[in-house]
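Given the coordinates of chain C, assemble chain F onto it according to the supplied hints.
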Amino acid sequence: MKYTVKKFISLVVSLLFTSILTFAAFQVIPGDSALSALGIDATEEQLEEYREEMGLNKSLPVRYLNWLKNALRGDFGYSSQYRMQIKVSALIGDRLIVTAWLAVLSFLLIVAVSIPLGILSALKKNYILDSLITLVNQVFMSVPSFFLGMMITLVFGIILKWFTPGSYVNPWENFRLFLRFMIFPAAAVAIPRIAMVVKFLRSSLLREMELDYARTAKSKGMSNIRVLFRHVLKNALIPVITFLAMILADILAGAILVEQVFNLPGLGRLLVSSIANRDYAVVQAIILYSASVVIIINFFVDLIYQWIDPRVRTG
Amino acid sequence: MSANKPAKILLLVTVLTIALSGCSGKNKDSSPAGPAEAEKSEPVYGGSVTVGITQDLDGLDPHKAISAGTKEVLFNIFEGLVKFDADGDLNPAAAESYDISDDGMTYTFTLREGVRFHDGSPVTVEDVVYSIKRSAGMLEPKDPAIVTESALLIISDVVATGERTVEIRLKQADTELLPYLTLAIVPKDYAELDTKPIGTGPFKFVSYTPLQSIVLEKNEAYYIEGVPYLDRVTFKISSGTDAAFMELQAGSIDILPYITDAQASHLPKGYHLEAGPMNLIQALFINNKVPPFDNKLVRQALCHAVDRQAVIDMVSGGRGKVIGTNMYPGFKKYYDESLVNVYPYNPEKARELLKEAGYEKGFEFTITVPSNYQPHIDAAQVIVEQLKQVGITAKIRLIEWSSWLSDVYRGRKYETTLVGLAAELSPGRALSRFRSSAQNNFVNYSNPEFDALYSQGETETKEEKKTELYRQMQAMLTNDAVAVFIQDPYQLTAVSDKLGGYTHYPIYVQDMSLVYYKKGMLPD
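Chains C and F, in that order, give the protein sequences. The first sequence begins at 1 in the working numbering and counts up one residue at a time. The second sequence begins at 1001 in the working numbering and counts up one residue at a time.
Check before you lean on any hint, since a few could be wrong.
Label-pair ranges, simulated between beta-carbon atoms [said to hold, decoys possible]: (1) E49(C) to G1358(F): 45 to 51 Å; (2) E49(C) to K1133(F): 17 to 23 Å; (3) N1479(F) to L60(C): 29 to 35 Å; (4) F175(C) to D1242(F): 25 to 31 Å.
To give an idea of the chain F side of the interface with chain C (calculated C-beta under 7 Å), a few residues [unchecked claim]: (5) G1137; (6) E1140; (7) P1144; (8) S1239.
Hints were generated in silico from the structure; no laboratory data involved. We treat Cβ as the ideally placed atom computed from N, Cα and C, and that holds for glycine.
With the rest of the complex left out, here is chain C (with noise of 0.2 Å):
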């Protein structure tokens, strides 16, 4: 319990660390929001009369605490890329749902193929097979997720017509076509951290399959499938767990590159277009979010952790 309420306290001092620097960054970017605002020929009267609506002339301190106030109820104000027409939470609600999407999307497929491709590389070690999954590992963990968004568009895309790019349909409006078009997304973020699972696993298995343990119980007689499902598997799963909860953090922060490849309006596309556009209300309410998830994941994981393995609360 007391080790809960330790990891507790470091999450929250996290997230709190993580909204200042967040916050802190927006003041040393060059750049001017008001004049990004209001259009290049503004006067200065005009700058003034938004720097004082807008709160910008208030000292460092006293915006920070206002914004904070206001985020903890979520609200973090209008966007400015979109003349203060839009609510900032509404405008990452909407996105937050695309990108989730993807997130799980992509995990399943993640844990779907990686850990039975683990197993069966581990198993068949130095046989043909091994070597080939290895082979392709390789040439797929060097592959960058948008890179091959790019191919799939072409191949699956443009040459074998499969799915048409581009033709993203909201999930509200329509489930079967959404899926049918987010499988490929989803495959491009997978496939190369399915590779990098693959190898993980494989090599944590191998690991576990020379210790003593296991190579008692080979020695009675059992076969290596055996010992591998009876007693291998759940020691060589742990490290497994924290890289897929690592993989998960990652893309749900937002698989940046690949909606912009696939055009999926998710929060990366919303995250590049504020960054242009000098929207710090809603870039500093994604970054809050992308930092929270990787900090809440892995409190989660430590608390997994301990569950399995419970030396870890002592030492």
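Just chain F now, with coordinates in the frame of chain C:
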């Protein structure tokens, strides 16, 4: 006098999303072709079209939008008292006629009968008064999100003088306000402009999803007979030119404006290229107050040392029009074509001028270029090479767009900068930035003669006299070599072969009311 006439707000200096990129693709076959070919086939009514845009709208409220990319789309939904046509002339729209008083102080408009908003209600004088006051920031309480076009600040009052007449009174004479009265007429006190915009234009608003699309449908009650042809238009927002072009290749976009030169050379089957002047003044702007450029001879030497046609050939495969001054060829009446020949490419002459100015051994300087506009970077690179011929060493410094805005454009801390100035609504505004006291006079040009001519032109009501004054001012800019004017680049648009009627405007507009499916091409 300029003190009480604040600098003009205009559109983005360098046009977003446009890229005549790359030194690649040099096919000369794609000359402006479109209309002539299109006229051969008969238009049919109906059908829907998807237009690719690469920049999200900055809102739906026409009085709040400032991005050129948004105005381009909203042009289809809203109309003003007057409206631009493809030649850059103003035609009456919500008004049927207008009259400008001889002293240039009062504009009187008579409303057209039978113009209705998209919700069916008729346009009244109250709506017009409200719309102008709202856009000009004259309503109380003021909405801070409405950025008032500074040209409108000259309005002192807007009064309904009859059931169908509206009078706009000015604080001081100005005969160039008309282009700004293209501002959208909206229903009085309508509160949902930012979510469900209602206008009087050829298309009605259907839906908008940020980062995805805006959908419009035909306004059956449009006051002009016969248009629009299309039932439905979708502007699809893509994450960038590359993504949009991929969708074009896949056939999910019918019209894609602002494609790059490289893309233009690889158009998929079933699409053709329409090219027209972009109305952008691309120039190497010079800080006229920084040595050695405070010497007119040095500036003139630069002009002679740059081979403009070669720049256009290298950077955009010849798709651009050489210019000699700060005026868009699109404003045919005012543009002085002869100024192109004032500084022919002549390295010898450039060297002579440098010698005369005391820079026989040449000198070094920096060209500042915003890092996000490839065509400008490419042009700067070509110019650097050309300047080496006359012994001048130029270095390119890339800077972020927002730093360019604050340091170069507002701060005027630079030697030279290569950018494009986007089209202004009126020819006078294109020249206004060169007044000594103009806030946006980022080239630091100062010439009392020019200032005097400008003030004269501002209040001149006779068209011929005005044209004459404008031509004199243009010539003055050229002779003083305030900048190395390079070109008006072509805007390249990919259009499906099934469509006709796509029209280039001298301002930023995607007019969908003229687009139609050719006979027999309408998809089921």
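Tell me, which hint numbers fail for this structure?
Numbers 3, 5 and 6, in rising order.
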